[in-house]
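> Sequence:
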Amino acid sequence: MKPDFEKYSDGLVPTIVIDDNTRQVLMMAYVNEESFNLSMKTRQTWFWSRSRQELWHKGATSGNTQAIVSIDIDCDEDTLLMKVIPAGPACHTGHTSCFYRTILPEQAKEE
Numbered sequence: 001m002k003p004d005f006e007k008y009s010d011g012l013v014p015t016i017v018i019d020d021n022t023r024q025v026l027m028m029a030y031v032n033e034e035s036f037n038l039s040m041k042t043r044q045t046w047f048w049s050r051s052r053q054e055l056w057h058k059g060a061t062s063g064n065t066q067a068i069v070s071i072d073i074d075c076d077e078d079t080l081l082m083k084v085i086p087a088g089p090a091c092h093t094g095h096t097s098c099f100y101r102t103i104l105p106e107q108a109k110e111e
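Read in order, the letters of the sequence shown correspond to residues 1 to 111 in the UniProt record's numbering.
It should be emphasised that the hints constitute simulated quantities derived from the structure, not laboratory data. These figures come from a predicted structure and were not determined experimentally. Hints may be right or wrong, so weigh each one.
As the list claims (entries may be wrong) - Below, a list of computed lysine-lysine pairs in the PhoX-like style, where the Cα atoms sit at most 20 Å apart:
1. K41 with K83
2. K2 with K83
3. K41 with K7
Construct the entire structure; sequences and hints are all you get.
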């Protein structure tokens, strides 16, 4: 089983990445067929960078790789959930998760 890469015109499938131990959402990125196949083969996360228009091996430059424990697919076969063991922060800002800022409730403050 694999995602339906033809569902979206750009061939990209949204992928949520969570820490397998804590279940914290770490990041959201996109995979194309090539990055999906590389992720399956290497058991490391590979994505497609929309801004750079290139393959992206998470942690290739930072060392903050993500070892894949499992990959789940949703019922429509157009979104993935990757459970990983991270070797460092997921966010390029140095935060554990890319989701470190709260919009609601309004009283919440940015860390």
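> Could you run down the list of hints and mark each one as holding or not?
Hints and how they fare:
The suggested pairing of K41 with K83 holds, with an alpha-carbon distance near 16 Å, which does not exceed 20 Å. Restraint check: the Cα-Cα separation between K2 and K83 comes to about 16 Å, which is no more than 20 Å; the hinted pair holds. The suggested pairing of K41 with K7 is violated, with an alpha-carbon distance near 23 Å, which exceeds 20 Å.
Of the hints listed earlier, the one the structure fails to meet is number 3.
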